[in-house]
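J.: Make the full structure from the sequences, and use the hints.
First to last, the protein sequences are chains V and D. Using the numbering used here, count along the first sequence one by one with no gaps and you end on 114. Using the numbering used here, count along the second sequence one by one with no gaps and you end on 112.
Just so you know, not all the hints are guaranteed correct.
As the list claims (entries may be wrong) - Derived list of chain V stretches under chain D, where covered just means 3 residues or more per stretch with a C-beta under 8 angstroms from a C-beta of chain D:
{"hint": "1", "region": "74 to 85"}
{"hint": "2", "region": "100 to 112"}
Unchecked claim - DEER-style ranges, computed between Cβ atoms:
{"hint": "3", "chain 1": "D", "residue 1": "T70", "chain 2": "V", "residue 2": "D26", "range": "35 to 41 angstroms"}
{"hint": "4", "chain 1": "V", "residue 1": "A82", "chain 2": "D", "residue 2": "E16", "range": "44 to 50 angstroms"}
{"hint": "5", "chain 1": "D", "residue 1": "K56", "chain 2": "V", "residue 2": "G53", "range": "36 to 42 angstroms"}
{"hint": "6", "chain 1": "D", "residue 1": "T71", "chain 2": "V", "residue 2": "N1", "range": "21 to 27 angstroms"}
{"hint": "7", "chain 1": "D", "residue 1": "Y30", "chain 2": "V", "residue 2": "N70", "range": "31 to 37 angstroms"}
{"hint": "8", "chain 1": "V", "residue 1": "R44", "chain 2": "D", "residue 2": "Q45", "range": "30 to 36 angstroms"}
As the list claims (entries may be wrong) - Simulated pairs of lysine to any residue, SDA-like, Cα-Cα distance not exceeding 20 angstroms:
{"hint": "9", "chain 1": "D", "residue 1": "K104", "chain 2": "V", "residue 2": "R44"}
{"hint": "10", "chain 1": "V", "residue 1": "K9", "chain 2": "D", "residue 2": "K56"}
{"hint": "11", "chain 1": "V", "residue 1": "K14", "chain 2": "V", "residue 2": "G58"}
{"hint": "12", "chain 1": "V", "residue 1": "K71", "chain 2": "V", "residue 2": "T20"}
{"hint": "13", "chain 1": "D", "residue 1": "K104", "chain 2": "V", "residue 2": "T86"}
{"hint": "14", "chain 1": "D", "residue 1": "K56", "chain 2": "D", "residue 2": "V11"}
{"hint": "15", "chain 1": "D", "residue 1": "K60", "chain 2": "D", "residue 2": "S109"}
{"hint": "16", "chain 1": "D", "residue 1": "K52", "chain 2": "D", "residue 2": "E69"}
{"hint": "17", "chain 1": "D", "residue 1": "K60", "chain 2": "D", "residue 2": "G78"}
{"hint": "18", "chain 1": "V", "residue 1": "K57", "chain 2": "D", "residue 2": "D94"}
{"hint": "19", "chain 1": "D", "residue 1": "K60", "chain 2": "D", "residue 2": "D2"}
{"hint": "20", "chain 1": "D", "residue 1": "K104", "chain 2": "V", "residue 2": "D38"}
{"hint": "21", "chain 1": "D", "residue 1": "K52", "chain 2": "V", "residue 2": "L78"}
{"hint": "22", "chain 1": "D", "residue 1": "K104", "chain 2": "V", "residue 2": "Q37"}
{"hint": "23", "chain 1": "V", "residue 1": "K9", "chain 2": "D", "residue 2": "Y39"}
{"hint": "24", "chain 1": "D", "residue 1": "K104", "chain 2": "V", "residue 2": "T20"}
{"hint": "25", "chain 1": "D", "residue 1": "K52", "chain 2": "D", "residue 2": "K68"}
{"hint": "26", "chain 1": "D", "residue 1": "K104", "chain 2": "V", "residue 2": "L45"}
{"hint": "27", "chain 1": "D", "residue 1": "K104", "chain 2": "V", "residue 2": "V88"}
{"hint": "28", "chain 1": "D", "residue 1": "K60", "chain 2": "V", "residue 2": "F104"}
{"hint": "29", "chain 1": "D", "residue 1": "K52", "chain 2": "D", "residue 2": "T70"}
{"hint": "30", "chain 1": "V", "residue 1": "K57", "chain 2": "V", "residue 2": "K71"}
{"hint": "31", "chain 1": "D", "residue 1": "K104", "chain 2": "V", "residue 2": "T5"}
{"hint": "32", "chain 1": "D", "residue 1": "K56", "chain 2": "D", "residue 2": "T70"}
{"hint": "33", "chain 1": "D", "residue 1": "K52", "chain 2": "V", "residue 2": "L96"}
{"hint": "34", "chain 1": "D", "residue 1": "K60", "chain 2": "D", "residue 2": "G1"}
{"hint": "35", "chain 1": "D", "residue 1": "K104", "chain 2": "V", "residue 2": "P61"}
{"hint": "36", "chain 1": "V", "residue 1": "K57", "chain 2": "D", "residue 2": "E42"}
{"hint": "37", "chain 1": "V", "residue 1": "K9", "chain 2": "D", "residue 2": "P40"}
{"hint": "38", "chain 1": "V", "residue 1": "K71", "chain 2": "V", "residue 2": "K14"}
{"hint": "39", "chain 1": "D", "residue 1": "K104", "chain 2": "D", "residue 2": "V11"}
{"hint": "40", "chain 1": "D", "residue 1": "K68", "chain 2": "D", "residue 2": "L13"}
Keep in mind the hints are simulated off the structure, nothing from the lab. Ideal placement from N, C-alpha and C gives every residue a C-beta, glycine not left out.
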Amino acid sequence: NAGVTQTPKFQVLKTGQSMTLQCAQDMNHNSMYWYRQDPGMGLRLIYYSASEGTTDKGEVPNGYNVSRLNKREFSLRLESAAPSQTSVYFCASSVLAQGGNEQFFGPGTRLTVL
Amino acid sequence: GDSVTQMEGPVTLSEEAFLTINCTYTATGYPSLFWYVQYPGEGLQLLLKATKADDKGSNKGFEATYRKETTSFHLEKGSVQVSDSAVYFCALSDQGNTPLVFGKGTRLSVIA
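T.: Below, the structure is given as structure tokens:
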């Protein structure tokens, strides 16, 4: 199992450009998440999808859109990138089990907006 | 709402020193508690977890005990190594299928 995969690993954009970050999981998990992590800061939830066909806003949704394409894939789109969106983006997935909602993380996408 | 508070870093220790990273939580229900570790340039990975009061999670020499009476889940290791240098996140899972609530993370640096 590959777990949670993210593409691309690195990306440089100019202000105003758009792009989509891709995430896929092969663990048959119901829920998927997008976080951003800024230097010296913790994780901030952007959007999540509790199940296929549903999405909900997290703490910092402005400037982003998401699509839960199917059970495996959850993409994050920046329509008009801004320097404030320079960050590391992590995708995660989870399944509710007896031990709680344990999340599994991808390796991250490092995005720089110039 | 639910929240997790963990000690501010960075924490710098010499190799073989004892480590404690404090974590306390506020939750309405009976949460499961987690410690995640993030090594430089990587994503987060689960270090250990505990699902009910008095449970002890352990992994790679790290331990944490779920203390309901003090709403705490402190991370400990008896003898740290340089390879333990990372950022550690405390988190809780409360009601059903909702996102984990994370603390802000504590950066640990271990020097030889």
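J.: So, for every hint listed, does it hold in this structure?
T.: These are the hints, each one checked on the structure:
no.: 1; hint: 74 to 85; result: violated (count 0)
no.: 2; hint: 100 to 112; result: holds (count 9)
no.: 3; hint: D/T70 / V/D26: 35 to 41 angstroms; result: 39 angstroms, holds
no.: 4; hint: V/A82 / D/E16: 44 to 50 angstroms; result: 46 angstroms, holds
no.: 5; hint: D/K56 / V/G53: 36 to 42 angstroms; result: 39 angstroms, holds
no.: 6; hint: D/T71 / V/N1: 21 to 27 angstroms; result: 35 angstroms, violated
no.: 7; hint: D/Y30 / V/N70: 31 to 37 angstroms; result: 33 angstroms, holds
no.: 8; hint: V/R44 / D/Q45: 30 to 36 angstroms; result: 19 angstroms, violated
no.: 9; hint: D/K104 / V/R44; result: 9 angstroms, holds
no.: 10; hint: V/K9 / D/K56; result: 36 angstroms, violated
no.: 11; hint: V/K14 / V/G58; result: 25 angstroms, violated
no.: 12; hint: V/K71 / V/T20; result: 18 angstroms, holds
no.: 13; hint: D/K104 / V/T86; result: 19 angstroms, holds
no.: 14; hint: D/K56 / D/V11; result: 23 angstroms, violated
no.: 15; hint: D/K60 / D/S109; result: 17 angstroms, holds
no.: 16; hint: D/K52 / D/E69; result: 12 angstroms, holds
no.: 17; hint: D/K60 / D/G78; result: 11 angstroms, holds
no.: 18; hint: V/K57 / D/D94; result: 18 angstroms, holds
no.: 19; hint: D/K60 / D/D2; result: 28 angstroms, violated
no.: 20; hint: D/K104 / V/D38; result: 11 angstroms, holds
no.: 21; hint: D/K52 / V/L78; result: 40 angstroms, violated
no.: 22; hint: D/K104 / V/Q37; result: 10 angstroms, holds
no.: 23; hint: V/K9 / D/Y39; result: 16 angstroms, holds
no.: 24; hint: D/K104 / V/T20; result: 27 angstroms, violated
no.: 25; hint: D/K52 / D/K68; result: 8 angstroms, holds
no.: 26; hint: D/K104 / V/L45; result: 12 angstroms, holds
no.: 27; hint: D/K104 / V/V88; result: 15 angstroms, holds
no.: 28; hint: D/K60 / V/F104; result: 18 angstroms, holds
no.: 29; hint: D/K52 / D/T70; result: 14 angstroms, holds
no.: 30; hint: V/K57 / V/K71; result: 18 angstroms, holds
no.: 31; hint: D/K104 / V/T5; result: 24 angstroms, violated
no.: 32; hint: D/K56 / D/T70; result: 15 angstroms, holds
no.: 33; hint: D/K52 / V/L96; result: 16 angstroms, holds
no.: 34; hint: D/K60 / D/G1; result: 32 angstroms, violated
no.: 35; hint: D/K104 / V/P61; result: 19 angstroms, holds
no.: 36; hint: V/K57 / D/E42; result: 25 angstroms, violated
no.: 37; hint: V/K9 / D/P40; result: 15 angstroms, holds
no.: 38; hint: V/K71 / V/K14; result: 32 angstroms, violated
no.: 39; hint: D/K104 / D/V11; result: 14 angstroms, holds
no.: 40; hint: D/K68 / D/L13; result: 29 angstroms, violated
The structure does not agree with the numbered hints 1, 6, 8, 10, 11, 14, 19, 21, 24, 31, 34, 36, 38, 40 stated previously, though it agrees with the rest.
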